[in-house]
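Line by line, the protein sequences are chains D and C.
Quick note on the numbering used here: the first sequence kicks off at 1 and runs consecutively.
Quick note on the numbering used here: the second sequence kicks off at 1 and runs consecutively.
Among these hints, one or two may not hold up.
Copies of one chain are not kept apart here, so a pair can be met inside one copy or by any two copies together.
[Unchecked claim] The calculated lysine-lysine pairs, modelled on DSS-like cross-linking and capped at a C-alpha distance of 30 Å, are:
#, residue 1, residue 2
1, Lys83, Lys41
2, Lys118, Lys168
3, Lys206, Lys143
4, Lys41, Lys206
5, Lys26, Lys172
6, Lys118, Lys36
7, Lys160, Lys13
8, Lys41, Lys143
9, Lys143, Lys13
10, Lys13, Lys172
11, Lys26, Lys168
12, Lys13, Lys206
13, Lys118, Lys107
14, Lys26, Lys143
15, Lys172, Lys143
16, Lys143, Lys83
17, Lys13, Lys41
If you're looking for bench data, these hints aren't it; they were derived computationally from the structure.
There are 2 protein chains.
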Amino acid sequence: MSKPEGVSISVIKRLPRYYRFLGELKEQGMIRISSKDLSAKMGFTASQIRQDLNCFGGFGQQGYGYNIESLYEEIGRILGVDKTRNAILIGAGNLGRAVALHMSFEKRGFNIIGIFDKNAALSGQMIRGLPIRHTDGLYDFCKENTPVVAVLCIPSAAAKDLTPELVKLGIKGYWNFSHYDIASDFPDVAVENVHLSDSLMTLSYKISNF
Amino acid sequence: MSKPEGVSISVIKRLPRYYRFLGELKEQGMIRISSKDLSAKMGFTASQIRQDLNCFGGFGQQGYGYNIESLYEEIGRILGVDKTRNAILIGAGNLGRAVALHMSFEKRGFNIIGIFDKNAALSGQMIRGLPIRHTDGLYDFCKENTPVVAVLCIPSAAAKDLTPELVKLGIKGYWNFSHYDIASDFPDVAVENVHLSDSLMTLSYKISNF
């Protein structure tokens, strides 16, 4: 597939879903699938699927469909999950612990190499084989280990205080669970927000208006 | 504001963000704000903001702007967060515990009344003042307490097995952390998905293509 120049964000947002579905089909031992069958499984129309995958140069063949393994690997490459980027996780409260323990970072192209919390009482406790470090040690740790991604599981005010330093330390990607708007203050870094309370309010709206 | 008939999902998706920002301004003791100042804070254009809020009958007055408290309360009503809906949380692993402890459900219109897990070893442990119950007791609990929302912090296969029963028991809203596609099998319930691994892959893409 070609490099995805100018592909719309809505296509990009659908890629992880393709990747997940194709991964499941691969695990079930399937070799190929038509866009029609893929559409039935995924809830997109067959034409939508053909259009989406054409953005990346396509992989389908008339009368054959898609080779599942090739397409899975190609989408993985486009998503960049075949890479390994060193990441730190900041905030080892309930949310940070759950994120650290629950997520398969390695399968998504990330390697958690350090966990930090400003609460000194937590220092030294182990999460997924890593000791919780005090945030005072962040500077030295980053200088030595050059992580490029930060997972922020801290409140907005703390995220706002810390981010300028993280940017200076070379952190280029942020998985941001706080409400602090990193992208607005630092347009030159990559940010993906998880706004759980917004999602809960959207559910509230849907229930009210269903 | 009028009832939001036919308001597009993209406007709806922005409402929680308005609600958050207005809540912060309210806490800071501000009384009113122009669409221009609101746009500077939120990163939407002023015209976007006027257009969005017009969908609900508007609240702005020429030369005055928006009354923060009125707008906050009105958006809260539209989102339905002024209501209280009884909810159960299913899955008391790392993720379920974090969601239970981290989220301000009450502020978003939900009241968690029961926490369930199929692991009997967890039964009786307390989370936010509630005992973890075995999923065997789900039927009786729902019959007696009639919750209308379920927060699913369980794997896809378990979610797929359990959802038909939950739908039969009258659960109308699902905050779904699993990858099981509830909306496709049950189009008559309200579903809001949180796909954390998709978000992480989107971050991977953004870093690769920034």
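Hints, one by one, checked against the model:
Taking the shortest Cα distances, Lys83 and Lys41 sit within 30 Å of each other inside one copy (28 Å), while across copies they are farther apart (36 Å). Proximity of Lys118 and Lys168 under a CA criterion of 30 Å is satisfied intra-copy only: 19 Å inside one chain copy versus 46 Å between copies. For the homomeric pair Lys206 and Lys143, the shortest alpha-carbon distance between copies (24 Å) is at most 30 Å, but the shortest distance inside one copy (46 Å) is not. Taking the closest pair of Cα atoms, Lys41 and Lys206 come within 30 Å of each other both inside a single copy (24 Å) and across two copies (27 Å).
Taking the shortest Cα distances, Lys26 and Lys172 never come within 30 Å of each other, neither inside one copy (32 Å) nor across copies (33 Å). Taking CA atoms no more than 30 Å apart as the test, Lys118 paired with Lys36 passes in neither setting, with 52 Å inside one copy and 37 Å between copies. Taking the shortest Cα distances, Lys160 and Lys13 sit within 30 Å of each other both inside one copy (26 Å) and across copies (24 Å). When the C-alpha separation of Lys41 and Lys143 is checked against a cutoff of 30 Å, the pair qualifies neither within a copy, at 46 Å, nor between copies, at 33 Å.
For the homomeric pair Lys143 and Lys13, neither the shortest alpha-carbon distance inside one copy (33 Å) nor that between copies (39 Å) is at most 30 Å. Taking the closest pair of Cα atoms, Lys13 and Lys172 come within 30 Å of each other both inside a single copy (20 Å) and across two copies (27 Å). When the C-alpha separation of Lys26 and Lys168 is checked against a cutoff of 30 Å, the pair qualifies neither within a copy, at 42 Å, nor between copies, at 33 Å. Within a single copy, Lys13 and Lys206 get their C-alpha atoms as close as 21 Å, and across copies as close as 11 Å, so both meet the 30 Å cut-off.
Taking the shortest alpha-carbon separations for Lys118 and Lys107, both the intra-copy value of 28 Å and the inter-copy value of 27 Å come in at or below 30 Å. In the homo-oligomer, the alpha carbons of Lys26 and Lys143 never lie at most 30 Å apart, since the shortest distance is 40 Å inside one protomer and 41 Å across protomers. For a Cα distance limit of 30 Å, the shortest separation of Lys172 from Lys143 inside one copy, 14 Å, qualifies, whereas the shortest one across copies, 51 Å, does not. For a Cα distance limit of 30 Å, the shortest separation of Lys143 from Lys83 inside one copy, 21 Å, qualifies, whereas the shortest one across copies, 49 Å, does not.
Proximity of Lys13 and Lys41 under a CA criterion of 30 Å is satisfied in both settings, with 17 Å inside one chain copy and 26 Å between copies.
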